[in-house]
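**Q** Letter by letter, the chains look like this.
There are 2 protein chains.
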Amino acid sequence: MKKEETRKGERSRKKLVDATASLMRRQGFHATGLAQIVSESGAPRGSLYFYFPGGKDDLAIAALEASSDAWRAQILTAVSAAADLNAAVDALLTTLADELEASGWVNGCPVATVALESPSEPVRQMISAHFDQWLAIARQLMAQFGIADDIAEQLAVVALSAIEGGLLLSRVKHSRAPLLAVGQALKAIAEPHLPKAKKKR
Amino acid sequence: MKKEETRKGERSRKKLVDATASLMRRQGFHATGLAQIVSESGAPRGSLYFYFPGGKDDLAIAALEASSDAWRAQILTAVSAAADLNAAVDALLTTLADELEASGWVNGCPVATVALESPSEPVRQMISAHFDQWLAIARQLMAQFGIADDIAEQLAVVALSAIEGGLLLSRVKHSRAPLLAVGQALKAIAEPHLPKAKKKR
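Line order of the protein sequences matches chains A and B.
Taking this note's numbering, I'd label the letters of the first sequence as residues 1 to 201.
Taking this note's numbering, I'd label the letters of the second sequence as residues 1 to 201.
FYI, nobody ran anything at the bench for these hints, they're computed from the structure.
Treat each hint with caution, since some may be false.
It does not matter which identical chain is used: a pair holds within one copy or between any two.
[Stated by the list, open to error] List time: in silico BS3-like cross-link candidates among lysine-lysine, alpha-carbon distance up to 27 Å:
no.	residue 1	residue 2
1	K173	K56
2	K187	K173
3	K196	K14
4	K15	K196
5	K3	K187
6	K15	K56
7	K196	K8
8	K14	K187
9	K196	K56
10	K14	K56
Kindly generate the complete structure, drawing on both the sequences and the hints.
**A** Pasting the structure below:
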């Protein structure tokens, strides 16, 4: 009985976190009210105060962490089958453009909106840490295809910047074109730093 | 007497627009309330309803237009003295990093926050039009230094995306490094498309 209640509680917690993540991705922190979160989540109102006694800031951090983790997993899945860096870049940008377009141009970066509008220092630090995780993925991917570490470090920052900006432009313009242009540019930037095919044994 | 009143009214209108632009740049649309706008602007409360009978949406559009125009002028000033494209890119990114840092890491892109959080279709169309104006500046700048139009069209989208994302990353990380890395990358992307110095007569 007790175990069953715990499991139900965990499901309610997860429903709240997922609803908050989805709402904050589409409309940001300030537009997302607790009443809307409870209503969209289908979780009992009491569970909100039980699991997030610190209120909206606590819930926002849990939601941003969950959606950042989910995005990272989605990106890793998208690029995992790629045979070379160009294929990985194409797979990534296509995945992002597909999701943005399928959502009616609202599902861009899961943390960017809150990053720009929240005055909370804990929220900023959490998002900064998640940017670092995404940069690490980009560096690993470049290392895997033979780009030197110091170059990969700079290119990762440029790639994340260009992708974040591409998501913003594509969202505002209701067009895949900015994201696809970013993909082409990232391949061109990386190309001179890839080991030459002819040198392969 | 009547003329004097009109001038006073125009000053009040401008105060409201400037305060709204500044607040929305730092904290976005939803966090910016009418009471805060009136209080920060120093304009009489009545002027808000007189000049913006449509309320916050009308005022937001006027403010975004004003801050986008001001940003465009600032960018044009920053790049106007540049002798080549590399110098223009350096001047632009340094200007943006300087302003962001001097503001305590809050003055990033004047329209990006609202672009991501506002559900208003007129606001989206206005921001889309302003992105087009910024893209036109980038294309003109590249044309001025000899980059072919079709290449410049693609590179402008990439440059705006990377700069927008660089502003986001630099803001969240409280660091000039992302913007400066974007500047280095933009110069590298443009380089193969510049007319060769040796070909000059």
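**Q** Any of the earlier hints contradicted here, and which numbers?
**A** Of the numbered hints, 3, 4, 5, 7, 8 and 9 do not hold.
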